[in-house]
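Colleague: The chain contents come next:
Number of protein chains: 2
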Amino acid sequence: MSTSAGRAEDFLASALTTISGQTEDPDLFLKQRFTASSYQVDEIPLDTLGAWRLGDRLEHNTGRFFTIEGLSVRTSFGPNPQWCQPIIVQPDIGILGILVKKIDGVHHFLMQVKMEPGNSTLVQYAATVQATQSNYQRVHGGRPTPYLEYFLKGSRGHILVDRLLSEHASWYLHKRNRNMIVEIPPDEDVEERDDFAWLTLGQLRRQLALGNVNMNARTVLACVSYDGARAPQAVTGFHAQTVASHNAQRSDAHLAEAMTWLIDQKETYTLDVKRIGLSEMDGWAADDGSIRHRDGLYFRIIGLSVAATSREVGTWSQPMLEPVPGNLVAFLCQRQNGVLRFLTQAMIQPGSTDRLELGASIQLAPGYCRDARDLPPLVEYLDSAVGKVRMKSLQSEDGGRFHRADTEHLVIELPEDHHVEAPENYRWMTLGLLGRLMQSGYYLNVEARSLMACLL
Amino acid sequence: MSTSAGRAEDFLASALTTISGQTEDPDLFLKQRFTASSYQVDEIPLDTLGAWRLGDRLEHNTGRFFTIEGLSVRTSFGPNPQWCQPIIVQPDIGILGILVKKIDGVHHFLMQVKMEPGNSTLVQYAATVQATQSNYQRVHGGRPTPYLEYFLKGSRGHILVDRLLSEHASWYLHKRNRNMIVEIPPDEDVEERDDFAWLTLGQLRRQLALGNVNMNARTVLACVSYDGARAPQAVTGFHAQTVASHNAQRSDAHLAEAMTWLIDQKETYTLDVKRIGLSEMDGWAADDGSIRHRDGLYFRIIGLSVAATSREVGTWSQPMLEPVPGNLVAFLCQRQNGVLRFLTQAMIQPGSTDRLELGASIQLAPGYCRDARDLPPLVEYLDSAVGKVRMKSLQSEDGGRFHRADTEHLVIELPEDHHVEAPENYRWMTLGLLGRLMQSGYYLNVEARSLMACLL
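Line by line, the protein sequences give chains D and V. If you want my numbering, it's the 1-based position in the first sequence plus 153. If you want my numbering, it's the 1-based position in the second sequence plus 153.
Check before you lean on any hint, since a few could be wrong.
Which copy is meant is left open, so a pair is good if it fits within one copy or across any two.
Calculated lysine to any residue pairs in the SDA-like style (CA-CA distance at most 25 Å, straight line) [unchecked claim]:
no., residue 1, residue 2
1, K419, T285
2, K541, L517
3, K255, Y579
4, K255, G216
5, K419, Q235
6, K184, G310
7, K306, V343
8, K306, T228
9, K427, I246
10, K419, D507
11, K419, L363
12, K306, L317
13, K541, E475
14, K541, R346
FYI, nobody ran anything at the bench for these hints, they're computed from the structure. Nothing here was measured: the structure is a model prediction, and the numbers come from that model.
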């Protein structure tokens, strides 16, 4: 053991870090980092956000970061053919990057303990780098982003994963981030920093189960074990049995069939979205310091004032999207002819870059249901005794944009002899096939990818 | 020889068709089909289009087909950071499908002689099926689309190619079509029809060189020989030498490197587009029966009245986009260490689904150049004696939407010892790599794909 930082407040944390920087007790490290900083988060009216201006859209006075605008949506998908909603517009491409290094022959992931104002638990393990362009170009005049150089053109390490993947398409318009895993050689020294620790995949798995890994890290981790080509192989446990039996079937033919089916779905459903002014949104009001639907549907846009010592800047205020609580995402899986398959659905979401992506079997957002008739198909499996719960955890969405957005994650395994009656836009797929689709573009939505990360 | 149709006017054409339906003289077949029908195309004012209404947008009174709307564009790419322009919005996914069958052991492609009102030459070889959803769902109450069943879910043949690919992103907003090649067994009979003929790839090549193959067929044909996995191998001549030497290099690593480079480019350039009303477009007027830029830039939106006997409906009128003439698209290619590579550029176009796609080395649109300072990089190669012209032909854009939109297609081979000074968003790629990118999503723009079809 060695102490890597001099400050007294860091003593306990760094005492838990070995010479190589590995962390023996990630639970404790998280707690220590939490207590080493102080946080204060309060809801405030949108018109008191200082640098943010609420007009026909909500925008920062630099014109950077993101805007919140109105969106008019028409679609033939789902129970509601037409609606208006606010949407976050953030066209720049952020970097979500995890640095990987073999320590004593075992892959370790450099994780950052990060405070996000929207999280219910406040601090979580995040990717090594989680930065918007505004962020790392330091528009806010804050501190430089640590370890960023490992992910930038010209100075980056050996790329294991590098993909543009979508973000929440119900809340963001056409948003995607760059998901990267970069490996450096075992003998390359990496500067040690407070708030950062090297975790093994086993340790990460435990933190995932505890809900201690943030959304941005989960979407990167979802790329780990399903990418045969570039990523470190790290497949054990529940997942191993599926991969082993499926490796042989990961053929181009299956991929091509899935693509054809996906194009069929894109042909079947329509989506037409148009950015409009916030004041043009039918059914919405902005008269109490927040932007809210008159029937309490969807979500609210609220203001938050944040004081923290562990972020790039110490205090700030910003808008946040606060969904109606109770979101849930669930995979139904089933062994079919000896092969474990997951039920996916082609799902239109208003902010999708390419109309639709694959979602989990059940994606339940109470804010989007006016009454029981709006419930999505297959919700009956949530209360049914027919399946066996293989995974259950509460995970938070990106606490940098979403306030108290916790989503229950569930994987339910159905008995082999059970027949699921699903609509035409549903299809059983192996994890191997889902992994290949994830490599190819915008094919798996972030909710499904988050579930896949939890299956690591 | 046998006569397949009874009508006298078809005699000459069908006399050229063998028992199997192959055509011995595609040039003559085209001419015969042209004279067998009569066409009358006239420009008329937009406000006399009958079923079309010119208001804040230009739309059909059924709400179908397409609309023409205003688009406000901001981008860090190119000389012009901000402009407004009309754009065609057509969210449905059309089918561009070619039926293939082995006749006497040789692949034949079922091509349709099609009249398109915008074409300079009026009739051309089109894909077997070229149909928008409005089209084949018969919104206009016209005749059913022949051979459509071979491309529809449930009744389709063996799929060789099935991809969503982008259309002109300068003129269409987020438009993509389904490009399909479907093969039926040699012993399966296909109904013979006027206006259709089975062409070999050799015959198609000649028609391509003559500019007799329409844009929609070219984008399908671009998928033929570069897709090792599913398409019939049909690689000879100029192309063969490149493919042969490159097969060994079509590795996943090269694809991954290209993807990383493309993501770098997407990160570098910004694009923000917003649909606005036609009357909100700065610099545009609609006071002479057309919508035009006050300085004559970009293109005009005009009305056309069309009378023809060979389309689904005999007479109609519709809006058309007429570009400033003189468009050109050119590939520079060069043998580098024994390998033929093509210079591509990451290119932002306002209607791109995912911000940018790869374009050809030079894509020159005089309508987008206010003066010489707006000329794209590398145009000096068009007048230079340094390279050798390997391919040159005049090709038309989709004559169903674009009026007299002819684009010169050029491939210039540079000597091995010549160094091209190109900006950072340019990259040399083999045809094999371009083919793999074309398989993976929206990575090659339609202009570059059209050039690739001409390299067949």
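Colleague: Look at each hint and say if it fits the structure.
Modeller: Evaluated hints:
1. K419 <-> T285: between (30 Å within a copy, 14 Å between copies)
2. K541 <-> L517: within (19 Å within a copy, 61 Å between copies)
3. K255 <-> Y579: neither (40 Å within a copy, 35 Å between copies)
4. K255 <-> G216: Close neither inside one copy (42 Å) nor across copies (59 Å); limit 25 Å.
5. K419 <-> Q235: Intra 18 Å, inter 32 Å, cutoff 25 Å: intra-copy only.
6. K184 <-> G310: neither (31 Å within a copy, 60 Å between copies)
7. K306 <-> V343: Within. Shortest intra-copy distance 18 Å satisfies the 25 Å Cα cut-off; inter-copy 54 Å does not.
8. K306 <-> T228: between (39 Å within a copy, 21 Å between copies)
9. K427 <-> I246: both (21 Å within a copy, 18 Å between copies)
10. K419 <-> D507: both (9 Å within a copy, 16 Å between copies)
11. K419 <-> L363: neither (36 Å within a copy, 35 Å between copies)
12. K306 <-> L317: Within. Shortest intra-copy distance 15 Å satisfies the 25 Å Cα cut-off; inter-copy 30 Å does not.
13. K541 <-> E475: Answer is neither: 32 Å inside a copy and 62 Å across each miss the 25 Å cutoff.
14. K541 <-> R346: Close neither inside one copy (43 Å) nor across copies (57 Å); limit 25 Å.
Hints 3, 4, 6, 11, 13, 14 from the list above are not met by this structure, while the remaining hints are.
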